[in-house]
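Undergrad: Generate coordinates for the entire structure from the input sequences, incorporating the hints supplied.
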Amino acid sequence: MTEGAAYILEDVTFAYGERVALEVPRLEIPRGKVTAIVGANGAGKTTLLHLLGFIEPPRTGRITFFDKDVAPEEALDFRRRVGLLLQDPYLFHTSVLANVEWGLKLRRVPVKERRERAMRALEQVGLSGFERRAAPALSGGESKRLALARVLALETDVLLLDEPMSHMDRESAGRTEQVIRELNRERGVSVLLASPDILWAQALTDNVLSLHDGKIVPASLANVFRGRITDAGRSFETAKISIYLGDTEAAGTHLAIDPSAIVLSKEPLTSSMRNTLHGRVVAISEEAAKVRVEVDAGERFHVLITKKSLETFDLRLGDEVCLSFKSTAVKLF
Amino acid sequence: MDYLFKAFRDAFGLIVGLDGEVYYVVWTSLKVSLAACLLAALIGVPLGMKIALARFRGRTCVLLLLNTLMALPTVVVGLFLYGLLGRRGPLGALEILYTPAGIILGEFILALPIVANLTVSAVKGLDPRLLLTCKSLGASPGQEARMILVEARYAVTAAIVAAFGRVIGEVGIAMMVGGNIKGFTRTMTTAIALETSKGEFELGLALGILLLLVALIVNVALQMLQRSKADD
Numbered sequence: 121m122t123e124g125a126a127y128i129l130e131d132v133t134f135a136y137g138e139r140v141a142l143e144v145p146r147l148e149i150p151r152g153k154v155t156a157i158v159g160a161n162g163a164g165k166t167t168l169l170h171l172l173g174f175i176e177p178p179r180t181g182r183i184t185f186f187d188k189d190v191a192p193e194e195a196l197d198f199r200r201r202v203g204l205l206l207q208d209p210y211l212f213h214t215s216v217l218a219n220v221e222w223g224l225k226l227r228r229v230p231v232k233e234r235r236e237r238a239m240r241a242l243e244q245v246g247l248s249g250f251e252r253r254a255a256p257a258l259s260g261g262e263s264k265r266l267a268l269a270r271v272l273a274l275e276t277d278v279l280l281l282d283e284p285m286s287h288m289d290r291e292s293a294g295r296t297e298q299v300i301r302e303l304n305r306e307r308g309v310s311v312l313l314a315s316p317d318i319l320w321a322q323a324l325t326d327n328v329l330s331l332h333d334g335k336i337v338p339a340s341l342a343n344v345f346r347g348r349i350t351d352a353g354r355s356f357e358t359a360k361i362s363i364y365l366g367d368t369e370a371a372g373t374h375l376a377i378d379p380s381a382i383v384l385s386k387e388p389l390t391s392s393m394r395n396t397l398h399g400r401v402v403a404i405s406e407e408a409a410k411v412r413v414e415v416d417a418g419e420r421f422h423v424l425i426t427k428k429s430l431e432t433f434d435l436r437l438g439d440e441v442c443l444s445f446k447s448t449a450v451k452l453f
Numbered sequence: 258m259d260y261l262f263k264a265f266r267d268a269f270g271l272i273v274g275l276d277g278e279v280y281y282v283v284w285t286s287l288k289v290s291l292a293a294c295l296l297a298a299l300i301g302v303p304l305g306m307k308i309a310l311a312r313f314r315g316r317t318c319v320l321l322l323l324n325t326l327m328a329l330p331t332v333v334v335g336l337f338l339y340g341l342l343g344r345r346g347p348l349g350a351l352e353i354l355y356t357p358a359g360i361i362l363g364e365f366i367l368a369l370p371i372v373a374n375l376t377v378s379a380v381k382g383l384d385p386r387l388l389l390t391c392k393s394l395g396a397s398p399g400q401e402a403r404m405i406l407v408e409a410r411y412a413v414t415a416a417i418v419a420a421f422g423r424v425i426g427e428v429g430i431a432m433m434v435g436g437n438i439k440g441f442t443r444t445m446t447t448a449i450a451l452e453t454s455k456g457e458f459e460l461g462l463a464l465g466i467l468l469l470l471v472a473l474i475v476n477v478a479l480q481m482l483q484r485s486k487a488d489d
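Residue numbers (the working numbering), protein chains in the order written: chain A, 121 to 453; chain B, 258 to 489.
Hints in this document: simulated from the structure, not taken from any laboratory. We put the beta carbon where it would ideally sit given N, CA and C, even for glycine. A couple of the hints might just be wrong.
Residues from chain A that face chain B, not an exhaustive set, calculated with beta carbons under 7 Å [as the list claims (entries may be wrong)]: (1) I175; (2) A195; (3) L196; (4) R199; (5) Y210; (6) G223; (7) L226; (8) V229.
Within a straight-line C-alpha distance of at most 20 Å, the following computed SDA-like cross-link-like pairs (lysine to any residue) qualify [unchecked claim]: (9) A/K225 - B/L406; (10) A/K153 - A/G124; (11) A/K225 - B/V471; (12) A/K225 - B/E459; (13) A/K335 - A/T373; (14) A/K335 - A/A160; (15) A/K225 - B/A402; (16) A/K153 - A/A125; (17) A/K360 - A/R348; (18) B/K381 - A/H213; (19) A/K225 - A/E236; (20) A/K428 - A/C442; (21) A/K225 - B/R403; (22) A/K225 - B/M404; (23) B/K288 - B/E459; (24) A/K225 - B/K288; (25) A/K225 - B/V407; (26) B/K439 - B/E278; (27) B/K381 - B/A402; (28) B/K288 - B/P303; (29) B/K381 - A/T426; (30) A/K427 - A/T325; (31) A/K188 - A/E176; (32) B/K381 - B/A358; (33) A/K225 - B/L389; (34) A/K427 - A/G294; (35) A/K335 - A/R146; (36) A/K225 - A/A254; (37) A/K225 - B/E278; (38) B/K307 - B/G382; (39) B/K439 - B/E459; (40) A/K386 - A/T426.
TA: Structure representation (structure tokens):
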């Protein structure tokens with residue numbers, strides 16, 4: 121569906137020299153939603169965000185932005201319509217306020233409005249009162265928040281955030297999460313964020329794009345195991361465990377299990393789920409509005425549950441638990 | 258020893274007594290050096306930025322050439338310009354041989370590679386994330402260049418100051434292209450050479466002290482600039 125897409129990518133590739141960094145046959149990124157791009161380091165997340173931010177033109181293929189074809193010579197106009205927070209942004213050797221106002225100055229926003237928008241953005245990231253400080257003197261977390269404010273002040277319809285939470289303490293990260301949600305809900309801003317943390321991304325949004333070696337894979341990248349298909353295509357064996365696949369035509373050397381599709385129980389369940397593994401809870405942590413439980417069942421599994429089920433379960437570290445999941449929750453690539 | 262002591266005393270007398278001839282020579286020196294540096298900055302800074310940022314064939318050769326030109330002997334420039342600007346030379350019609358304009362041209366040639374080369378280093382020394390950050394915030398190529406210049410401001414100023422230090426103290430060009438004409442093209446360095454050879458050691462010494470003073474002021478200014486950078 122073309123209607124409602126912020127971006128449509130068709131046959132897009134990008135390469136650094138000879139090394140192909142990204143290969144996307146087709147991808148639609150919805151308008152007005154929060155989309156997370158997850159993948160390991162070097163999977164192509166930053167490359168994809170740079171293409172979406174019109175920093176670099178794709179080597180081949182085309183990108184449609186809000187129903188308009190983007191020609192390379194119009195890149196600057198389109199670039200000004202998106203707010204891109206770089207993974208490792210540079211702060212100009214001047215005041216905090218001047219840093220935030222710079223992008224607005226480029227767009228010839230009048231002085232008074234510029235000031236208002238900059239102050240609002242600084243407040244959003246919790247840096248009110250820092251206006252006159254020298255930007256290079258800020259701490260790591262403050263720098264990242266300043267860089268975010270600089271992007272927020274642009275008030276674009278699209279926000280591209282490359283690992284926005286890195287170098288941030290828990291409090292700042294929580295605040296940033298809230299800002300992202302508010303902007304999306306109240307102003308309908310389309311947000312794309314790249315993160316290496318699959319579970320965090322999955323807890324934040326339902327739209328998760330997984331990148332693996334520059335390709336979009338149709339699976340959540342949590343619980344990824346390497347192994348091989350055996351038993352005439354009916355099971356997948358890692359070095360430690362065996363997982364039942366059911367009747368599938370899919371092939372691959374990697375397997376991923378959606379962490380939201382795994383059911384935790386203290387006793388084995390009597391259900392249609394063909395995979396049941398026994399393990400021990402080794403970590404419990406809060407993740408956005410959900411709870412991340414790590415279970416050692418030969419391989420280490422990540423499971424996302426709600427806070428409510430954590431309470432009803434009375435789950436504690438060291439508990440013996442059962443992991444159950446359907447063969448349809450398993451993706452091969 | 259007495260002779261040296263007396264010479265110093267007379268030299269200070271000339272400086273403190275605001276000797277007209279001394280100060281006219283100082284003024285001429287400052288005027289031509291500043292003009293030459295200004296011109297070199299106007300051309301050398303953008304040139305240096307272009308060389309630092311652009312990727313083109315022969316870039317290494319250009320850098321090598323600039324490096325070599327930084328060590329240009331002043332008498333060679335003087336000789337070369339004498340040939341060009343002389344009455345029978347191809348640029349003789351300009352009639353700027355033995356004028357301050359002639360010295361400015363020569364000192365500009367001397368200063369340009371210094372300004373350009375040090376600007377290349379200044380821009381190359383900037384944080385590699387700067388350009389990408391400018392781009393990501395929506396800067397046009399012109400706005401990018403302006404921001405690069407702003408971020409490199411201290412190092413670029415230092416480049417111009419270094420060029421000034423070189424031209425204010427040079428003697429070859431001022432002598433050969435300027436001709437050391439009293440009240441017209443006589444600079445501090447040519448005056449020192451001449452007065453000393455004439456036996457006017459005190460006058461030469463007075464000018465030498467003033468030349469050192471100018472060098473001192475330039476260096477103090479540079480240091481203050483670097484300190485304010487550290488405070489940023």
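Undergrad: Hint by hint, say whether it matches the structure.
TA: Hints versus structure:
| no. | hint | verdict |
| --- | --- | --- |
| 1 | I175 | 6 Å, holds |
| 2 | A195 | 10 Å, violated |
| 3 | L196 | 6 Å, holds |
| 4 | R199 | 5 Å, holds |
| 5 | Y210 | 4 Å, holds |
| 6 | G223 | 4 Å, holds |
| 7 | L226 | 5 Å, holds |
| 8 | V229 | 11 Å, violated |
| 9 | A/K225 - B/L406 | 17 Å, holds |
| 10 | A/K153 - A/G124 | 10 Å, holds |
| 11 | A/K225 - B/V471 | 40 Å, violated |
| 12 | A/K225 - B/E459 | 58 Å, violated |
| 13 | A/K335 - A/T373 | 15 Å, holds |
| 14 | A/K335 - A/A160 | 12 Å, holds |
| 15 | A/K225 - B/A402 | 15 Å, holds |
| 16 | A/K153 - A/A125 | 10 Å, holds |
| 17 | A/K360 - A/R348 | 12 Å, holds |
| 18 | B/K381 - A/H213 | 16 Å, holds |
| 19 | A/K225 - A/E236 | 13 Å, holds |
| 20 | A/K428 - A/C442 | 18 Å, holds |
| 21 | A/K225 - B/R403 | 13 Å, holds |
| 22 | A/K225 - B/M404 | 12 Å, holds |
| 23 | B/K288 - B/E459 | 24 Å, violated |
| 24 | A/K225 - B/K288 | 38 Å, violated |
| 25 | A/K225 - B/V407 | 15 Å, holds |
| 26 | B/K439 - B/E278 | 9 Å, holds |
| 27 | B/K381 - B/A402 | 13 Å, holds |
| 28 | B/K288 - B/P303 | 23 Å, violated |
| 29 | B/K381 - A/T426 | 52 Å, violated |
| 30 | A/K427 - A/T325 | 17 Å, holds |
| 31 | A/K188 - A/E176 | 17 Å, holds |
| 32 | B/K381 - B/A358 | 34 Å, violated |
| 33 | A/K225 - B/L389 | 17 Å, holds |
| 34 | A/K427 - A/G294 | 17 Å, holds |
| 35 | A/K335 - A/R146 | 11 Å, holds |
| 36 | A/K225 - A/A254 | 19 Å, holds |
| 37 | A/K225 - B/E278 | 52 Å, violated |
| 38 | B/K307 - B/G382 | 14 Å, holds |
| 39 | B/K439 - B/E459 | 17 Å, holds |
| 40 | A/K386 - A/T426 | 16 Å, holds |
Consistency note: the structure conflicts with the earlier hints numbered 2, 8, 11, 12, 23, 24, 28, 29, 32, 37.
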